[in-house]
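Trainee: Residues per chain are reported as follows:
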Amino acid sequence: MAKTNPGRFFEDYRIGQVIDHAVPRTVSGGERALYHALYPARHALYSSDEFARSVGLPMAPLDDLAAFHLVFGKTVPDVSLNAVANLGYAEGRWLKPVYAGDTLRSSSEVIGLKQNSNGKSGVVYVRTRGTNQRGETVLEYCRWVMVRKKDLDAPAPEAVLPELKPVLAPEDLVIPEGLDFTKYDFTLAGEPHRWGDYAVGEQIDHVDGVTIEEAEHMLATRLWQNTAKVHFDATHREDGKRLIYGGHVISLARALSFNGLANAQMIVGLNGGAHANPCFSGDTVKVWSEVLDRAETAAPGVGALRMRLVATKGGAPFELKGDDGKYLPHVLLDLDYWTLVPR
Amino acid sequence: MAKTNPGRFFEDYRIGQVIDHAVPRTVSGGERALYHALYPARHALYSSDEFARSVGLPMAPLDDLAAFHLVFGKTVPDVSLNAVANLGYAEGRWLKPVYAGDTLRSSSEVIGLKQNSNGKSGVVYVRTRGTNQRGETVLEYCRWVMVRKKDLDAPAPEAVLPELKPVLAPEDLVIPEGLDFTKYDFTLAGEPHRWGDYAVGEQIDHVDGVTIEEAEHMLATRLWQNTAKVHFDATHREDGKRLIYGGHVISLARALSFNGLANAQMIVGLNGGAHANPCFSGDTVKVWSEVLDRAETAAPGVGALRMRLVATKGGAPFELKGDDGKYLPHVLLDLDYWTLVPR
Amino acid sequence: MAKTNPGRFFEDYRIGQVIDHAVPRTVSGGERALYHALYPARHALYSSDEFARSVGLPMAPLDDLAAFHLVFGKTVPDVSLNAVANLGYAEGRWLKPVYAGDTLRSSSEVIGLKQNSNGKSGVVYVRTRGTNQRGETVLEYCRWVMVRKKDLDAPAPEAVLPELKPVLAPEDLVIPEGLDFTKYDFTLAGEPHRWGDYAVGEQIDHVDGVTIEEAEHMLATRLWQNTAKVHFDATHREDGKRLIYGGHVISLARALSFNGLANAQMIVGLNGGAHANPCFSGDTVKVWSEVLDRAETAAPGVGALRMRLVATKGGAPFELKGDDGKYLPHVLLDLDYWTLVPR
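These protein sequence lines map, in sequence, to chains W, S and B.
Just so it is clear: in the first sequence, position 82 is 82 by this note's numbering, and no numbers are missing.
Just so it is clear: in the second sequence, position 312 is 312 by this note's numbering, and no numbers are missing.
Just so it is clear: in the third sequence, position 86 is 86 by this note's numbering, and no numbers are missing.
Since no wrong hints were added, every one of them can be taken at face value.
Pairwise CB distance ranges (calculated):
| hint | chain 1 | residue 1 | chain 2 | residue 2 | range |
| --- | --- | --- | --- | --- | --- |
| 1 | W | 159 | S | 202 | 37 to 43 angstroms |
| 2 | S | 294 | W | 165 | 49 to 55 angstroms |
| 3 | B | 101 | W | 185 | 17 to 23 angstroms |
If you only want the chain S side, here are some residues facing chain W, beta carbon under 8 angstroms, derived:
| hint | residue |
| --- | --- |
| 4 | 30 |
| 5 | 49 |
| 6 | 50 |
| 7 | 210 |
Derived from the structure by calculation, the hints contain no laboratory data.
Here a beta-carbon is modelled for each residue, glycine too, at the ideal position from N, C-alpha and C.
Whenever a hint applies, use it, and build me the whole structure from the sequences.
Mentor: Here's what the structure looks like:
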């Protein structure tokens, strides 16, 4: 019997099935430092223990997206090894900050299945939860992927499509315990703009750009223990290119959005996201944002903004889709998230 | 007087000479995190403090090979600066796990000398020991290198060839105190295969591959404070290529072997190893393994496997040498080691 | 109103103005480990907690230059975003070592202003201080940059040129509390050369070289949260090259000087420095040093050396300027600093 992991095929999934993913991971100051080396991350709450304490947290947490990547990376061998497309995200919520010393693991429940009409593949919906060493859920999100069938004769399962919220409501968002922005230091954070300064519909060109190198995206993707061949093996694709992990683009885009959104400190909700076009080494990534919605929260001094974050490789900002409704070729990422901002 | 280190030449070594190597090093979570960024390392015992505690250790140790590289790196200025070839390893044993906070140093004893018949170089055998801040030996191994003479008129020393075991016996292996695999969690570790599932002669193609970038091998090699010119200075070799540190290939190969050997948690013995051909940036490394032997141990639930680990740059798996008995040109590494596996 | 930071222009500075820079940063073992991966750093005092304790410090500090880069990086958005040239450094002093767990912030005072005769730009002099979480100054230095005017009609300020010492006097240097080199272990440090072994005028060719990769300088520069476009965005300059942060060259040069200056443990003074020519990916950096002065200190066993450190990309060592008094084209860096050495 072959000892290597062949991955699951469409016919291997069952509604309600729970998959406990392998390789728990303890994080330390090392992961925090690497995140700052890999991305131009400057949000003060994740950079300074003192700043984090000044807003009611015990110390600076691991970047929210680093937590996401660590939880996500564990799911790859079980969920997306034989995936032909990563179709979407929904209902992503950060429930507890992750701190140095925490050990993360993750598990996924199959919540939807629908075989494609061609009979060769199907769509698998999972809800993934990341938990810490105390068994507390730190993060959960839904993802759906198209997965190949191995046995084309395997019977199609009854189609089950989960009801997923297109957008999280403000009351769905979980504010970290103790978070208090009433003594927020705007000078240390880097910009004066408050929650009230952002208007729905406002667009921001974040100006800065980063040209990606192979070594960088591989270091990052390995750090999250996401070992999908296509990111590392230049002989795997016919064109000899290594596809950059979509999460690398998300983190790069979020970090680049600091310039104009320095006070968008925490990410607490992921409404959806599309990897519109593949990203490769040599691409120069630039980003723009749009304010989609605003909401108050019960936490002192804390407001929420729903933001669109778009990463492009060249092209003018604020252009997203063509007349055909499809993403323009230079668009890499279209992300819809909720963030916490001082009022 | 020149203040830079010219390195030792063959005539500078004496049997019984002990060289205390410079630059002790304290390790932290930073080195652990970097190891995960540099290699696709996923063995659970080194990734999770919780998993390590579940098998009787106080926390996740530094990867065994990282400990090896740190100890090895210190020897380079004293042993291999004027080496023309790295000939072999033997009797490598890991005696104590290395944890964040430990400070490592190393020393080498000259245990063999033999001048070559051409009178221009000779073979130097050393036994190197790595010790922690408590003076405990954490690792020892023998290595032999061919070193140039500077003074060709220096008299040849009496030839002394050490008796080195071609293979460590199971009773030579040191099992970390407290290690207990009876409650081993195979789901968290990533594969169901136990010690008893591996048969002598069984071969495993580990499937995954990594294309190496210059920045990556230099970051890694520097991290171990191995500063041999040939790895860093593109003007040093006539062909303008930077030779990749052999240890980088060892770590990459070991990490890639996770897929099929996820439960080969700890490396406790190094029987031998050959860097069959040089490795350069752009090479895509793939690996295969062969089970060479099996042994029981006195530790609860712990078995030992003697494994061959072969790294290649392309070429079919399981092909090692040609009809002439020489390594095939695509073979990079042929390593023979003992590892601990749950029974 | 645009929310992104346009940077300050020449007319935005006032004598006596104090700018508190954004984004404080807590350092950990992660930054220490990354420094060892990014540079061939081997000075024992920064590598080993045990060695640091043997010379009177509580543990190994963060490398002095890493502290410099962290303090410097915070000033970029406020001081040099619209700079056309980085003109010089003076009166740099390290006042307190920085340890894992410390949180650094920085502020700058405008101490000089002089509009250029063309009316389009001017020179801004700032004194920057880095402080830790206890409000102690850990580092201070002066820097002057040429900054563009935005409003060419803005009136020229009264010219104020600060009096800056061309060289710090030995009595200006601050020796870390408790530092005692009387039990200094030269074997562990890597070289036998003491303070008394270095003669004024002595030159050292440090022999080793490193060829720089794009990924490396970007990782380093981001780690210091210096996000100036020109280092990251290959589309920013007309030639498609990313300019390497001058501080990356400083750190690389200092680390390469280990071979011949292994006992030049701590940097305590920066007298001046010039980035003579731009550095780009692919350059192979080599370094040489010259002893400029020597001084005794009040600390037990501790002497000070004033050193010139020159980084080049090829070319013979010890050649610095042409007949025209200008730096030769292969010279990258000319640094003048004070370092502490065992007597």
